[in-house]
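Number of protein chains: 2
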Amino acid sequence: MAESMKGMKRSHRCGEVTEQEIGKEVTLMGWVQKSRNKGGIIFVDLRDRSGIMQLIFENGTIDEAGFEKAAKLRSEYVIAVRGIVGRRAGAVNEKLATGTMEVRVSYLRILAEAETPPFPVEEDSKTRDDVRLKYRYLDLRRPDLQRNMILRSEVAYLTREFFHKEGFLELETPMLGKSTPEGARDYLVPSRVHPGSFYALPQSPQLFKQLLMCSGYDRYIQLARCFRDEDLRADRQPEFTQIDMELSFVDVEDVIDVNERFLQYLFKHALGVDIPLPIPRMTWIDAMNRFGSDKPDVRFGMELVDVSDVVKDSEFPVFRNALAKKDGSVRGINVKGQGDMGRKQIDKLVEMARGSGAGGLAWIQLKTDGTVKASFAKFMTEEQQNALIKAMGGEKGDLLLFAADRNKIVWNVLGQLRLHFRDELGLVRKDDFHFLWIVEFPLLEWSDEENRFMAMHHPFTMPMEEDWDKIDSDPGSVRAKAYDITLNGFEVGGGSVRIHQDDIQEKMFEVLGFTKERAWEQFSFLLTAFKYGVPPHAGLAYGLDRLVMLMAQADSIRDVIAFPKVKDASDLMTEAPAPVEDKQLEELGIRVPENE
Amino acid sequence: MAESMKGMKRSHRCGEVTEQEIGKEVTLMGWVQKSRNKGGIIFVDLRDRSGIMQLIFENGTIDEAGFEKAAKLRSEYVIAVRGIVGRRAGAVNEKLATGTMEVRVSYLRILAEAETPPFPVEEDSKTRDDVRLKYRYLDLRRPDLQRNMILRSEVAYLTREFFHKEGFLELETPMLGKSTPEGARDYLVPSRVHPGSFYALPQSPQLFKQLLMCSGYDRYIQLARCFRDEDLRADRQPEFTQIDMELSFVDVEDVIDVNERFLQYLFKHALGVDIPLPIPRMTWIDAMNRFGSDKPDVRFGMELVDVSDVVKDSEFPVFRNALAKKDGSVRGINVKGQGDMGRKQIDKLVEMARGSGAGGLAWIQLKTDGTVKASFAKFMTEEQQNALIKAMGGEKGDLLLFAADRNKIVWNVLGQLRLHFRDELGLVRKDDFHFLWIVEFPLLEWSDEENRFMAMHHPFTMPMEEDWDKIDSDPGSVRAKAYDITLNGFEVGGGSVRIHQDDIQEKMFEVLGFTKERAWEQFSFLLTAFKYGVPPHAGLAYGLDRLVMLMAQADSIRDVIAFPKVKDASDLMTEAPAPVEDKQLEELGIRVPENE
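Taken in order, these protein sequences are the chains called A and B. Sequence positions in the first sequence follow this note's numbering and run 3 to 598. Sequence positions in the second sequence follow this note's numbering and run 3 to 598.
Each hint can be trusted.
No copy labels: a pair is met if it fits in one copy or bridges any two.
In the DMTMM-like style, the derived pairs of lysine to aspartate or glutamate whose C-alpha atoms are separated by at most 20 Å in a straight line are:
1) 533 <-> 124
2) 36 <-> 47
3) 167 <-> 156
4) 327 <-> 476
5) 509 <-> 469
6) 585 <-> 523
7) 8 <-> 469
8) 11 <-> 259
9) 8 <-> 259
10) 585 <-> 596
11) 136 <-> 241
12) 8 <-> 256
13) 270 <-> 163
14) 509 <-> 115
Source of the hints: derived by calculation from the structure; they are not laboratory data. Quick caveat: nothing in here was measured; it's all calculated off a predicted structure.
Just chain A, with the same shape it has in the complex (with noise of 0.2 Å):
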């Protein structure tokens, strides 16, 4: 029988009891973490968001009635207290903040009896991710998710804080908008009003943000949700959460500085971490030469070498074929101390290699007893192997692997056993925070499939003047004022500069193989604005989920996501999606052929 909690307030939550109140009475409510009978005592773990403090239950500071009812208490349920705070008479628990303290209960009310969970609420659980999923209201009263969705909570507030201190205004744009042929595939919604018409649900906020820049709203910021109908990875979430700004005369050089005293300001109050400024910056380019990502992890070194001139003159044909491809490059790492590492290992690095596009990996191991063992031994010369060793810095102990293709190919293969050694060989900790900016992304990808130049970031990125005259003779070579913020190998933001010119603009449309027409249909309304006086503006974005999975070191996006979605797009707590009534589609003027 639940009882009700008339005539009691609450005066404190459980772990905000401090020494302060020894000797005082307190009113605490929570659930029950644990129970046990000791030599007549009763001990109860009193848990809510902010702690645990421990209850005792013993006859003469409780009545009689009351202590029977203390021993009918079993984990989790839901209980309200009176008592006096006072110091452990037992051991002090020294993992609790309260762990100095006890309260002896006088009075007992079970506001809720509870039935034994499908799981314990415990930190750090070992259930199976779909029983958690589906009792999530159980799950997320684990310490840990509960820190997780504290620290979430926190950021995006002190995110609002510092932006509204600098002048942004939050803007809250629709979320029943259009869809756009271009970009991830949307999620629809059918409008009942105008039967065979559609909304779509936003993938960002992108051309409305540049329209309150239009509007003279001047810096706007919004923690949007935003929608992808793509197969989910395990960072992915069919909905998920931007932290996303505008901001208008402004220039690169005053968005990051925007955003450096941003990261600064969030990261001191949410962990107490201080990031030194300026953050470090890096070129595209050098990203990819050197740690093969656009997303480096720089918390640890093996660098890639470009070998190309190194291994020029060898017969092996790997390397030649590639060296004669456009863009084709030979590089390699060094992976200090696995010289030694087994052929089986081996194997499966070549098989990694595969699975990140490569033809193969060439290698040479230098063991520790001095020998020196290469998957291409027989097409070098001695001399040639000596000087690709020493080129790489090779050593007694070594394992060097070498990709040879286009360079896109090698730097992804390259980059991606960088991180697998990484995480191998434990090269990094996950509370060392780095941030890097990534500068000078090229404008324009090559599209093979399309046969045409594609925009890298999209077609309303401004290009870097000093590029801009070479946009007829060698496109791809031009720089755009775009720029990414990666903290620990992972993108957490980026954004651009817009163009708000329109001569660049039609020629940006032009280079794209855009007819003047098709950019119309599709971006109507903003051209149409601009029209009327657009100022220069520029923006950026985060990702909430992945920026709070890094500073609350998960895993996993769903780690910090109250109610997330697995892997086919479904809740398993709610159960949906789920049919709907026929009712319902008639309304809609839809018809689901599936389900007749």
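Given chain A's structure and the hints, the job is docking chain B onto it.
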């Protein structure tokens, strides 16, 4: 030709230049509000979101090329200028914060030209709504809309600031949820991965926020986007924003306390308006009896008077029939000073009453010339009529209006007429903010249509302890722990204490005519969650759009939403909703017979 702002950095927003800057150089950027050449000097009003600054272009201060460029400026051009702040040589403009100053420009760049906009960017536009909504990005440049949007941003910020200090966590709940058969019509989102299944966009985060309480998050807040696919009225939008909250271990007084302090904080910091606490409270039955509304505007009198007893012996069939009905009554309002109203106007009032559900409207005119005219004169003795006038406090010059029917209709008719006269006679001021709590709502509402009791708030609303023993004998008389917060005749928020005891919940479902199976089918995961230890909890949600509308003294919520939709739920700017490509529908496994 648009120029870049390379090498220029804005020093101030226009409206943020103060007299401290006189004699100093500033760099301003913004839109040309207007431009005129007067005796060889060009005067330009430069506008940004902060205000307007007058610019002076004069040969000698600016070079010839610059002056020529300035001569080309037209409305809505975007420019950047450098110049020295000075005192105005001409007349001071007292309407502007910067009206004593001007900037003598030494350097000008045209950042973007502008075509002549389809309507002028000016305060209180007289342009047709549909034109303004099509060019919403221009409409949003108008200073009055900018003030509204800035206020909205400020309200959202202050809300988060207040509740953050109070220990609330902002937690995000899913947008892609599950359709529930009760309530308003859902917007549906077809699932691609599960053809034939649908997500529903949330009508509110109700279930999720109750689950978060079950999970121990203690105090939750969210500025949550919600969706209802209903036919739109002037103050409805298909998507709207709620300030949504839920608290654990609380009763009615706790919710009211924190929200009163919130409203005081909000109005003080957003508007400089003092809301004295405590906010008055009125029971639902008093609100209906005195004002004919559960969201009464109490800023003026004209209260309803129950004259059932006074007229019970009259021969007037309308009165007799009404009093013979269950819950029947005769009530009146006294419209001071309207006794000489013409017959046509009175007929209009009768029409209005019919529109509110009445069979008609009875009236007595107490003309200023001393004559008395009553619509039911022939059914009443002079004595009876005088008693009635006396009961109504009728004096020379008053108009007495009477409705006779079941209470529900009588309340509605007179409540509506009261508001009609408020607006007609200008009895209130928009900047006179008067909050009022409505409490002790009925738990249940009889539905003739369904022939059963329905939950007035929702089926988890807690009954008042003192009435619970009447749940079987007289369920209609049981009051609920539900509360609305009203402002100037609008409901701006509402909520309730939730049932957390399974026996009370079961009884509620029984009274509502839910079988146990049906209750479980509909609320399965919430009822399951409740089995594992649910705390007492309560919540409240504000309609943010309406609250900001009232604070901004705007006439429509469209004036406080950046990109609103019109009555047919379409967006005139983006033209959403719109047909999509066949491929998109194929992927979703749905067909649109309309389009085939």
